[in-house]
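Colleague: Each chain is listed here by its residues.
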Amino acid sequence: MTFALAVTVGALFALGTFLLLRDDLVKVIWGVTLISQAANVYLITLGGVTEGTSNSVPILADHHEPFPVTTDPVVQALVLTAIVISFGMTAFALVLSYRAYQENETMDVTEWDQ
Amino acid sequence: MNDVIAIAPILMAFLTGTTALLVRSFPRLQQIVSVAGTLGYAVTVATLVWRVVFASDAMSIAYQVGEWNAPFGITLVADGLSVFMLTITAVVAVYAIVFSVRFIDYRNQRVYYHPLFQFLLLGATGAFLTGDLFNLFVWFEVMLMTSYVFVAFYGNSSHTAAATRYVVLNIIGGAFMLLGVGGLYATTGTLNMADMARTVSASGTEMGPVVGLSALVLVTFALKAGLVPFQFWVPSAYRAAPLPVVAMFAGATKKVGIYAIIRLYFTVFGNATLPTTVPGIPSDSLLAFLAPVILVMGMSSIVVGGFGALSCDSLDGLFAYSSIGQIGFIAVAIGIAAATTVAELRHVALLATLIFALHHALTKGLLFLATGVIRDAVGTTQLADVGGLGERSPVFASVFLVGGLSLVGIPPLAGFFGKFLIFDAAGRQFAAHVTGDTFGAASAVVVLIVLLLGAVLTILYSTRAWMGTFWGPQTDVIKTGTVDSIEVLILGTLAVLVICVGLGFEPVYQFADTAAEAAVDTDGYVKTVEFGGEGA
Amino acid sequence: MEPQIWILLGAVGLPFVAAVLTPLLYRVVGERVGYFGVAVAATSFGLILTQVGKEGTVSTSWIPSLDIAVRFHVDGLALLFALLASGIGILIFTYATTYMHGKPDLGRFYMALLAFMGSILGVAFAADLILLFLFWELTSVCSFVLIGYHTDEAESQYSARMAMLITVGGGLCLLLGAILLSIGAATAVDGAFNLSTILENRSTVTETLQSNGLFTPTLLLFAIATAAKSAQVPLYFWLPRAMVAPTPVSAFLHSATMVKVGVYALGRVRPLFHGPEWTLFVASMGIVTMFVGAVLAVLARDIKELLAYSTASHLGLMVAAFGFESHYGAEAGVFHLLNHALFKAALFLVAGIVAHQAGTRHIDELGGLWRELPITAGVTALATLSMAGIPPFAGFYSKEIMFEAAWETAQAGGGLAWFYPITAVVASIFTVLYSLRFLWLFLGDRPDGVGTVSRAPAMLSMPALVLAGGVVVVSVAPDLAIDFIIDDGANAAAVEEVHVHAKLPTHVSGPVAMSAIALFSGIAIFPFYSRLQAGLNRADTLTDRIHPTTLYDKFLSDTVRISRNVRSAVHNGLIRTYVWWVLLTACVLTGLGYATAGLGLPAPAFGETPLTIVLVLGVAVVAAVAISTTETHVTGVLTLGILGFMIAIFYILASGADLALTQLVVETLLLIIFLLVLEEMPAFYSDTDWSRISRDAVLSLVVGTTTTMSVLYTARDESDGLTQTARYYKDHAVEGGGGSNIVNVILTDFRAFDTLGESIVIVIAALSVLVLLTMRDRGETQ
Amino acid sequence: MTTVMTRTTARVVVPIILVVAISLFLQGHSHPGGGFIGGVLTVAAFALIYIAYNLDYLEDGVLGREVEKEESIGEHRTVAAYRRLFMFGLVVLVASTFSGMLLGDPVLSQYHRSIHLPLFGEIELASALVFDVGIFCIVVGGLLTVFSVVGAE
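Residue numbers (the UniProt record's numbering), protein chains in the order written: chain A, 1 to 114; chain B, 1 to 536; chain C, 1 to 782; chain D, 1 to 153.
Okay, chain A solo, but in the shape it has when bound (with noise of 0.2 angstroms):
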């Protein structure tokens, strides 16, 4: 299991660094979408990836104690608070990229102001 997701994770890495070295500014957006969205994964993988059962999920209110061996929890959250500060970020980066665009006038990245 952990080969297949370090692949995958390899793979988004490596797509997303192609895309920040084109000159196409969106591309280099989704380059920056990209990485982030790996590095997630990347996390998740971290706290061991077992098939999901009923168990596994980390939310107790079906279960009595002794509670059963869940997912790792913690990583979920450090996830979930990585996907909110990179959505954040992204979102500021679009907008940003836009202003950019308006204001250099050009797509191209390799025309911009210095």
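It should be emphasised that the hints constitute simulated quantities derived from the structure, not laboratory data. The C-beta atom is built at its ideal place from N, Cα and C for all residues, glycine as well. Do not take every clue at face value.
Residues from chain C shown here face chain B by an in silico Cβ test under 10 angstroms; the list is partial [stated by the list, open to error]: (1) Ile63; (2) Pro104; (3) Phe133; (4) Met164; (5) Gly736; (6) Asp749; (7) Leu770.
Chain A is already provided as a structure; the job is to place chains B, C and D on it using the hints.
Modeller: Quick look at chains B, C and D alone, frame taken from chain A:
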């Protein structure tokens, strides 16, 4: 011991930021809130410093947020190192905000300038105080998010372009930090830094990946500190942001990167025995791996920053490059500290780091704000357009001269002690290797030569800045412009502070000494955090 | 007898206090502030005079933790230097009141001059390495300000910057030398920066330095620092340039005092480093400078330039003297310190008078000035003869002792060591030549084209006259000076007990013959002065490319060129360049990290991956590939949405209910924002450059591999179970946090602090969008 | 995109989304959900309205007020309301942060108690909910600000 003073600076900045946001419709009130809040922040920091460093029963303070015991809740730790960095931040913040009120256009101040400034302060403060790795990431992001806005603040083509580059690089940095933090959690099973220190010190844990992961995290820290080759964002971002905020960038946020490097690698991983094999450095710790990396980064920063500054057309650009170079000096000192296994030399090198950081914050703060005065007076900072300002305003010239001389490292100004201690550390490193160890001696000589080169370049660009601005025939804009005397007055007090830090260096030294002790005192750090519950 | 600290602090501190007050005073009393300077200098002089005959170290604490203190050491050498500085200071301030009459910016001028005097007194008495460095650097800074007095002239700026760079840059070597000395001495004596203790225990310190290998580096650093400060070859070139400063400054800083700081420091540490290496570096440097300076002085066309090169040459003489191991070396160095200060300061004042009265400083335009300036002519005669080392004038005595030192060294060393006396003699021939040439300004015929020359005001002549009086006293009764201070001074610089003898030669010896050759050859060649000058000029032009000034200019232009390249090549404003370096470095570092830790390649474990997950992840990757290759923006955004939804499904499969929900909604919102923004942006077309794409693909692969490796190294296995933290959260969520959704309890309770920060990020994001919008039309107004 | 179809869909879907959002928010402490998810979902509902109609519609059509033409979207009354919403959220967070301190406990201490209500039965009341309200408001206010600004371009 849950003493609320340890969290007080964070709360203060948070409260001020929120209040400033609420009273936005009353600009006067907003300014008052912002300035008063920053002063209040400084007071809480001063109290904290007193409690942690100078009081008779001084000791490090830990704070458990939300009643959860370490390592399960989030811990804040105020030890010598943290409060030293907080002090730097507080001083710069007070000057920056007071100067802003005068400097930033009245209408522009209303555009959320004050709340954002407070959130920037909040982010930096949180990063200095937190004892939790993921929490560090969160405060980093708070700080970054605000700095993005400030870089893009004026919204023209160059500002937005600079901000876009800055954002892209830092999002990469954020992703890498997430990878590193997550990896460290997976490897050590904890996010609490004290707990992590405890875990890695214990034998029997599989520590292999920690070296690579720490390198990942280092990328983020170096990006924040603006070390070569992560310095790319610095010149354009510094030129774009409002100058008081640039003073904050140079004085506080860059130091967050430096602080994080010291905290994580010296305090947390300082005791860790790791299976590293690095030729030339006799140590089996993580630092042995990081030492050459940080040294090379630092030396390249000195070279790139120093050379870059030489031919800049504008004052703010020149000082931006200078910042890269000066951070390089700091990094070299860290590198020396990491490369040695001798406790005394490590202490001296860390001391040099801290003193240089303090000096750089004050001096560069002064110079960036002075650049602001010039822009305010004549509307430009292009060296070609200004000239002969010395005759127009001798007092302002003296203030600037103090900053310039401190940057060069002329005694007895603050800058001298930074330079002196770094040379001292490098000299000791050389002395330790000169007999017998040819490789060690040669690398120490290389370090010394780069430091000398950096210092010479500093003289070159400082004189250039000085002569271009204050000497020479008066240009038209200088003839017609007026220097704002209140701004000069504010800066005058900062110049006096730069002089006083040098003349009254003893207490400053004591303070930094405590901070440097704390930086390597892993056991003390762990002990400060009282573990409860099942973790104990 | 112990010196009194308060008197010393007063003498050193008073000029600084006065300097701070000067600009204010200048506003009140105008240029009469110069008399204030005279008073301050006289007070300091008087205070120092009370210390004559005392010896010892006194201190008051400054930075105890670093063992840096305000330590003052009083002995003959220190007193000699301090008395010279403050005494000449009185004369210079007096001279300046008239000379600088009507000039602008006198507040700044006197301020710097006073601060300079304080610094030089500080150097004289400092017995702490750091304190010495402090005053040493302050003299450089004052010199910078004073050389740049005419701030709007490009030449002033150029020269001031050059002086600053060389002297402060050289100062760095002093700092480093001081540090190495203190490190080396720390094991031998207490008080690492305490120069007096170091000197008191010099044999132990020297031994320690030699045993831990720091002796030669320290010595070299001190030598370089002195070379920069005291204008030794090859760092002499700033000194003639410094002559753009007003003449009082040249007389005070650049002949009598500041440039001697290096020599003085050499005298101080001479007992410590004294030995063959010392002679090799220091004496050779000095003797070469003596020669080069004298030759260049002959070449000079401007009287101040002539004096400047002559100063360099004489500094070389002193440095060489201190460099010799013989006790004559110490004697000659200290004695010449006094003599040179007297005659050279006088000559500079004369040069000032000539320029002031005749309106030109060009040698060829001047001559026969004795008619209008008889007093000045007398002063010049005394001073130049002393400078030329003609018996029985003062300069002869000290030069003769230096010759003895050179002779003794040559006899002891043999072979190549004869280089010293021979060079000294040749240099002396040139010295005689340029001294006579200077004297000839007053004798001989008046060239055409010189306007009327009026008599010099008394306030200008008087200081020069006083200095000439000094020359007379030392010439006529050298023992007076020797007993008063020279002996004590020489003893401070010497290793053994010495006594200076100054007398006219009674019989022929090696050194006497050297003097005779120098004198008679000089006089014999003088009639052919202009031919010699022309010949030298040709040689000078030929070697132009290796002149230090040329090299300096080349250094400056090179650094600027490198600078422009650094900025345009490194910070080219391209995101791809930046990203490229950042990612590459990050991956290399991480890879190195894994490698140093000795981690092998992880074994790929394919086992038991549920098909659903493989499918979902596969679609995600395919979507990512599609995004990377798409040409149209809308397709890309929609594919990005697919990728996001796949990840959401993956979260469901990985038991993250909250995550999946969040991811779904967030992805939807992002999609909408993307579409809204894209609506406003045009399509983008670019040429496909395959070589670039392949390069980028390589980096992408590197990044991908690094992250893949990181996952494989760090990912937890399900068999590891929960971490301790996770277990605690699970166990305490319900009773401690009051909720059964562990993730939510973590977010709102266990780690609520993170959430606080996170929500602030959202607030800032909202604010930032508002800022971007509002500032659109406002721009960069302060 | 303001076609009849989207408008009709929006009319049907928006209330449903809002109800789901609120319930996700309220039950978050014990079931999947919470302030953030509730918040983004609410935003999604509003976003739908924007796509279907436009910014002024909310004022004009939903709240029935006259729309004034403002200088800049940043000063638009609706946007100002969003701004006030996230400021309110921030204040709630501040309050939630400090309440523990005022009671003598560490900052951000949370409290919870089970209350037995007739009809509803056992109800778990947690102060974490207040904290969640703050987050909810910040998310809704903040994101809607972003949305309205971007949408207005």
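Colleague: Each of the hints needs a verdict: does it hold here or not?
Modeller: Right, here's what the structure says about each hint:
no., hint, verdict
1, Ile63, "holds (5 angstroms)"
2, Pro104, "holds (8 angstroms)"
3, Phe133, "holds (6 angstroms)"
4, Met164, "holds (6 angstroms)"
5, Gly736, "holds (8 angstroms)"
6, Asp749, "holds (6 angstroms)"
7, Leu770, "holds (7 angstroms)"
Checked against the numbered hints above, the structure breaks none of them.
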